[in-house]
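In the order they appear, the protein sequences are chains Y and C. In this text, residue positions in the first sequence follow our numbering: the first is 2, and each later residue adds one. In this text, residue positions in the second sequence follow our numbering: the first is 104, and each later residue adds one.
A few of these clues could be false.
Said to hold, decoys possible - Restraint-style ranges between C-beta atoms, simulated for each label pair: (1) C:G224 / Y:L315: 33 to 43 Å; (2) Y:S9 / C:S244: 16 to 26 Å; (3) Y:L12 / C:T129: 42 to 52 Å; (4) Y:L272 / C:P226: 55 to 65 Å; (5) Y:N323 / C:T129: 34 to 44 Å; (6) Y:L12 / C:R314: 38 to 48 Å; (7) Y:R17 / C:Q350: 46 to 56 Å; (8) Y:A407 / C:A236: 44 to 54 Å; (9) Y:S9 / C:H249: 13 to 23 Å.
These are computed hints drawn from the structure, not numbers from a lab. Positions of the beta carbon are idealized from the N, C-alpha and C atoms, including for glycine.
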Amino acid sequence: MRFVDLVSLILYNLGRRKGRVLLTAIGVVIGTAAVVVLVSLAVGLQKNATQSLWGINDLTSIEVYPGYQEVMAMEVKGGGGGGGIYGGDTGVKYLTPKAIEEIKVIPGVKQTIIHDYMQASMELYFGKLMSWGNIMGVDLTDLADMGLEAERGTTELTKGTVVVGSWVPQNFYNPNPRPGEEMTEPPDLLDQNLKAVLIKYTQDGQEVRRTVSLRVVGILKETRGQADGNMYMNLGEVTAFSEWSRGSRIDRNKEGYSYLIVKAEDPDVVLDVADQINALGYMANTPQSYLEGINSFFLVLQIIFGGVGAIALLVAAIGIANTMTMSILERTREIGLMKAVGATNRDVLSIFLGEAAGIGFVGGLGGVILGWGASAVLNVVALSYFASQASEGGGGLPSAAAATPAWLPLFALVFATIVGLLSGLYPALRAATLVPVNALKYE
Amino acid sequence: MDELTDNNVFMKIRELTKIYSMGESTVNALDGVSLDIQPGSFTVVMGPSGSGKSTLLYLIGGLDWPTSGSITVADDQIEKMDENALAEFRRNRVGFIFQSFNLVSSMPAEENVGFPLRFSGVPRSNRKARAQAVLAQVGLSDRTTHKPTELSGGQQQRVAIARALINDPPLILADEPTGNLDSHSGFTIMKLLADLNKAGKTVIVVTHDSRMRQFATDTIHLLDGKVVSEDEFIKATESLTQTIEEQGDQL
Ligand SMILES: Nc1ncnc2c1ncn2[C@@H]1O[C@H](COP(=O)(O)OP(=O)(O)O)[C@@H](O)[C@H]1O
Ligand SMILES: [Mg+2]
Numbered sequence: 002m003r004f005v006d007l008v009s010l011i012l013y014n015l016g017r018r019k020g021r022v023l024l025t026a027i028g029v030v031i032g033t034a035a036v037v038v039l040v041s042l043a044v045g046l047q048k049n050a051t052q053s054l055w056g057i058n059d060l061t062s063i064e065v066y067p068g069y070q071e072v073m074a075m076e077v078k079g080g081g082g083g084g085g086i087y088g089g090d091t092g093v094k095y096l097t098p099k100a101i102e103e104i105k106v107i108p109g110v111k112q113t114i115i116h117d118y119m120q121a122s123m124e125l126y127f128g129k130l131m132s133w134g135n136i137m138g139v140d141l142t143d144l145a146d147m148g149l150e151a152e153r154g155t156t157e158l159t160k161g162t163v164v165v166g167s168w169v170p171q172n173f174y175n176p177n178p179r180p181g182e183e184m185t186e187p188p189d190l191l192d193q194n195l196k197a198v199l200i201k202y203t204q205d206g207q208e209v210r211r212t213v214s215l216r217v218v219g220i221l222k223e224t225r226g227q228a229d230g231n232m233y234m235n236l237g238e239v240t241a242f243s244e245w246s247r248g249s250r251i252d253r254n255k256e257g258y259s260y261l262i263v264k265a266e267d268p269d270v271v272l273d274v275a276d277q278i279n280a281l282g283y284m285a286n287t288p289q290s291y292l293e294g295i296n297s298f299f300l301v302l303q304i305i306f307g308g309v310g311a312i313a314l315l316v317a318a319i320g321i322a323n324t325m326t327m328s329i330l331e332r333t334r335e336i337g338l339m340k341a342v343g344a345t346n347r348d349v350l351s352i353f354l355g356e357a358a359g360i361g362f363v364g365g366l367g368g369v370i371l372g373w374g375a376s377a378v379l380n381v382v383a384l385s386y387f388a389s390q391a392s393e394g395g396g397g398l399p400s401a402a403a404a405t406p407a408w409l410p411l412f413a414l415v416f417a418t419i420v421g422l423l424s425g426l427y428p429a430l431r432a433a434t435l436v437p438v439n440a441l442k443y444e
Numbered sequence: 104m105d106e107l108t109d110n111n112v113f114m115k116i117r118e119l120t121k122i123y124s125m126g127e128s129t130v131n132a133l134d135g136v137s138l139d140i141q142p143g144s145f146t147v148v149m150g151p152s153g154s155g156k157s158t159l160l161y162l163i164g165g166l167d168w169p170t171s172g173s174i175t176v177a178d179d180q181i182e183k184m185d186e187n188a189l190a191e192f193r194r195n196r197v198g199f200i201f202q203s204f205n206l207v208s209s210m211p212a213e214e215n216v217g218f219p220l221r222f223s224g225v226p227r228s229n230r231k232a233r234a235q236a237v238l239a240q241v242g243l244s245d246r247t248t249h250k251p252t253e254l255s256g257g258q259q260q261r262v263a264i265a266r267a268l269i270n271d272p273p274l275i276l277a278d279e280p281t282g283n284l285d286s287h288s289g290f291t292i293m294k295l296l297a298d299l300n301k302a303g304k305t306v307i308v309v310t311h312d313s314r315m316r317q318f319a320t321d322t323i324h325l326l327d328g329k330v331v332s333e334d335e336f337i338k339a340t341e342s343l344t345q346t347i348e349e350q351g352d353q354l
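The following block holds chain C by itself, in its conformation from the complex (with noise of 0.2 Å):
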């Protein structure tokens, strides 16, 4: 079967390597990652710190480019794409939602939902609508006019999942949405995630909370930059604790 014609995948990820060189040395943050995400899909990244989550959805995302490698959209290859089709990329075919929100501090909530809004060309009047629209989607309709500074973590978040949101992307790219959160408003954010998953959505989030891993269709496992199946990662990532405990009891 051709893969390219295969409409049952929403992306494909072809051998993707992602190499940052720092003077002398030089870093494979994603060593030859292939993938196929499924439409509607919701798919849970885990991996230790380092192992290459965010690059690999930064990449997805369209907002840097590979060493090497192919992701394969719709029939379009994002690491081809020049800056202008990549920004066209960026505002209309995916939202992303960071660990640390990246609100504009001094727009209330609504202006930093509509924010992306003003890229699209959509008219003033137009933005505020919609943002008030997305903005109840996420059950935050009595804080539009809220700074962010005037809301709790949990609520930051879902503003900006709202401005995720705006555009009405069919991919939304998560990294680390609830590690700024306590655990409560992180467990709201992700049923949040799996109810838009069931709206239709695309999700792929970075997390290390194990609870995500209930609303996921797939469970993708790195390790130093490479899928590994997830009895390779159970065995690595305990060897890791077990050396980190030596270490302690040696101190």
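So that you can see chain Y by itself, here it is in the shape it has in the complex (with noise of 0.2 Å):
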């Protein structure tokens, strides 16, 4: 039989049962219309969040942390001090300043910024207002030479001031709020001086507090990310306070420093010079691998979700084989008939699967319409609906809820076309092994 016979044939036939192929394929429309939209959800989705990521980061920034993994390592193999490098007796590979010089020395790498959390208990006070923070020492006197940007007020630090993110005004509360008193609006720092109170206990459980003032120059711009949180201060400040805490020094040859951002000289050498660092016992990460990381969650997220459309699809597939047995019992005469005019088991079992995948073909064209439209839908409510909550509360507007790649209906409409043949196999099956005799005589 010839492959134009064939189709020409699958065609006639569907065409002669237009009610009930119709009917069969929307439960193939349905399914494969739920493909497509949580499909396309799970890319938008994505898109959103790895578009407000590379808009926001730097492309040219590495934070690098102390190499921790080798800790596990050196215990396995019971060895305490490995030496050299390897900080004391743990086996972290700390950011020491021997560790920062090897990193600088790595092609590609501009410029290395120290960042070194304050070690102190600290309570901070704007009038009758409380709040905690991160005090973060950079060895920088500009912000702005690490890409960071000023709200309002300036970005340079000097003695005694500090430069805020942008979700720290939020954080001051009132402890002692009077009844009824509605959430507190978060003060307006700049320029202002907050006075933070450092908390030691001496060998003897005596607490000693030690309060210092200091002056908001600068409040940064959203970043989405650490730097919101963090309170800047000059790098040699914030280790007189650590050092005050703990009532030593601080051995930065054996401790290190919390960690650093490595700035390379181009966006294309990001992950070379991250994946070095990584090669010298460090942890760097980099937007890049944070997209990676995201992008695999995505992939997660499309498969569930088509998962849960190819169950719709699963149920169409149900309904096609019930079609198509129904239609081989009515037509079991014919079948005899084609059998005793020549047709092979063959013929017999490609038109049927042929039906029954133009079922899933039909259903799908269908779903994939329809998926696309109710994609369509979708953005615009879900659009209108970020647009009223962004005018509200500011942030960034997403470009659109669910994003179809080219991929994807072409994707669906295959899958629904695969899922009608493989529920059509075991009536065609059944069909195509009809006894020539026993099909002619069945009434």
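Two chains, each in its own frame: build the complex with the hints.
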């Protein structure tokens, strides 16, 4: 049997039972539309997530943390100090000045910026309001050098001043609210003095307090990252506070610093540089590596969403199998006739498989169109909702709620067709293997 | 003389049996049938209902497998063929005509007639031309686009005959082709089959209509799955009619 004849016969057979074919296809339409909409939604979410990352993060930045993986390896080996660049006896690769030199000479590295948390208990006061805070020491005088921008005020640090992240004012609250008092409004901290109370305990348990005054000279733009919660201060001053708190000097050659921001000369070399830093035993994170993590998360999301849609398709598949079984019962004599006039088992199998696949295809086509339309409607609704949210609260506007990649309709169509084909497999096999006599005698 | 090299025999049937088993009970639909069919012969198969006529015809047409025995056509043994070889045999070497026509009701006459050609890989345009030619042969040139429901029973059977002829097979098998027709249309069909026979086709017809015998070169009588002589056949049918009449009298 020639392929064109096969196709024309399949189309003819589908055409003479239009009503039933379309009713059966509705199941496939719904299933396919569900796949298209849900996967579009997952892709749309991914786009929004990655867009906000790409848009805001400086693509040349690498965050470098001490290398803790080594600890386990060293313990397994039963060895203590690895000596050399391994700090102390712990086996951790600390970010010591020596380590920083090691990183600085990696080709492609432009700059390293030391970050060190203040290691002290602290309470923060502004008038009646209280807060907590991360005081972050940096070896920079201008935060603009690492890509941070001021919303108001300056990015430059001098003695006794702090530049705070955009969320820091929101952390202030009234510890003794009057009954019925509303939530505290975030205070305007610019050019105000904060009172920081450092607390330490002597060896016999005596509490010692030290109050320092910090002047807020700048408020940073929102980065949607770590910087938003930080209060930046000169590294030297922060080190002094930390040393006061523990009562002894910090040996940076042993303990290193909390983390580094390493600037690469070019976004293209960032992953390369990060790999080399990792190879040295430190932990390097880049926006790109976040992106990879996000992408794999969303791939899983797409598969899960697609799977939910696929369940709807499975139900449709049962419908197709049912319709095909019915149709083969009704057309038993016709099958007998086909065989009597010389159709091979393969011809009969192809015809009925083709009809089942045809129902899948028709439903898939409808489902792709419906799913596409539904995604578009979803976008209009969601975007107007986001727009109203954004005008209240600020922040970025997502580009779309659901994004349908070009491969998706094609994939959905092929998938629906294959589902149809598979659901027709059993009925078609039964039709193909009918003994002609029995088929012809069937009433 | 070696039977297998006898060129005067078109088809050799030897010790053919077909046993249907339904649960415990078995039916010997055919019980050791041996026949020679000559090329260009017109064989009429007669016998009461249930005597195994259809079973014989279906086995000859390669639509079922015998329980035992052999059917040899031009050195090919049908009972040994696999599915594909049988399909090829049915496609090119036999044309089947049924009592109930078995036309596809949604297809016009010419499509019904051309239907087998789809499985022989004949292109669409050729199919149409050939179907029209064969329809003309059975006297239906003016009915090519009619659907079966728009045709009389006799016309439908002529469409079915045209379909059986479309691949120009040497053998025509007809299972009670006039059974659903009035006697006039039935006779037209008989004459049509006789014409085909004159044109060189070997024809085997199962029928209850004794008018068919005037065209026959051979007549075969079947009783309970066995070939019997005409005398035996008449005796058996008479006693059968008597029994029925006696039973009728008793009622
Ligand atoms: N598929 C089948 N299963 C069981 N018995 C059958 C089947 N086909 C035919 N028979 C039996 O075989 C016998 C011969 O049937 P058939 O050849 O159709 O007779 P005829 O055509 O002479 O009326 C009958 O007794 C019939 O009941
Ligand atoms: Mg019969």
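Hints versus structure:
1. The supplied range of 33 to 43 Å is met by G224 of chain C and L315 of chain Y, whose beta-carbon atoms lie about 37 Å from each other.
2. At about 25 Å, the beta-carbon gap between S9 of chain Y and S244 of chain C stays in the expected band of 16 to 26 Å.
3. The supplied range of 42 to 52 Å is met by L12 of chain Y and T129 of chain C, whose beta-carbon atoms lie about 45 Å from each other.
4. Remark: the range hint 55 to 65 Å for L272 of chain Y to P226 of chain C is upheld by a beta-carbon distance near 60 Å.
5. Remark: the range hint 34 to 44 Å for N323 of chain Y to T129 of chain C is upheld by a beta-carbon distance near 36 Å.
6. The hinted range of 38 to 48 Å is satisfied by L12 of chain Y and R314 of chain C, whose Cβ atoms lie roughly 45 Å apart.
7. Between R17 of chain Y and Q350 of chain C, the C-beta spacing of about 48 Å keeps the proposed range 46 to 56 Å intact.
8. For A407 of chain Y paired with A236 of chain C, a C-beta distance near 51 Å keeps the hint of 44 to 54 Å intact.
9. In this structure, S9 of chain Y and H249 of chain C meet the distance hint of 13 to 23 Å, their C-beta atoms being roughly 21 Å apart.
Every hint from the earlier list agrees with this structure, and none is contradicted.
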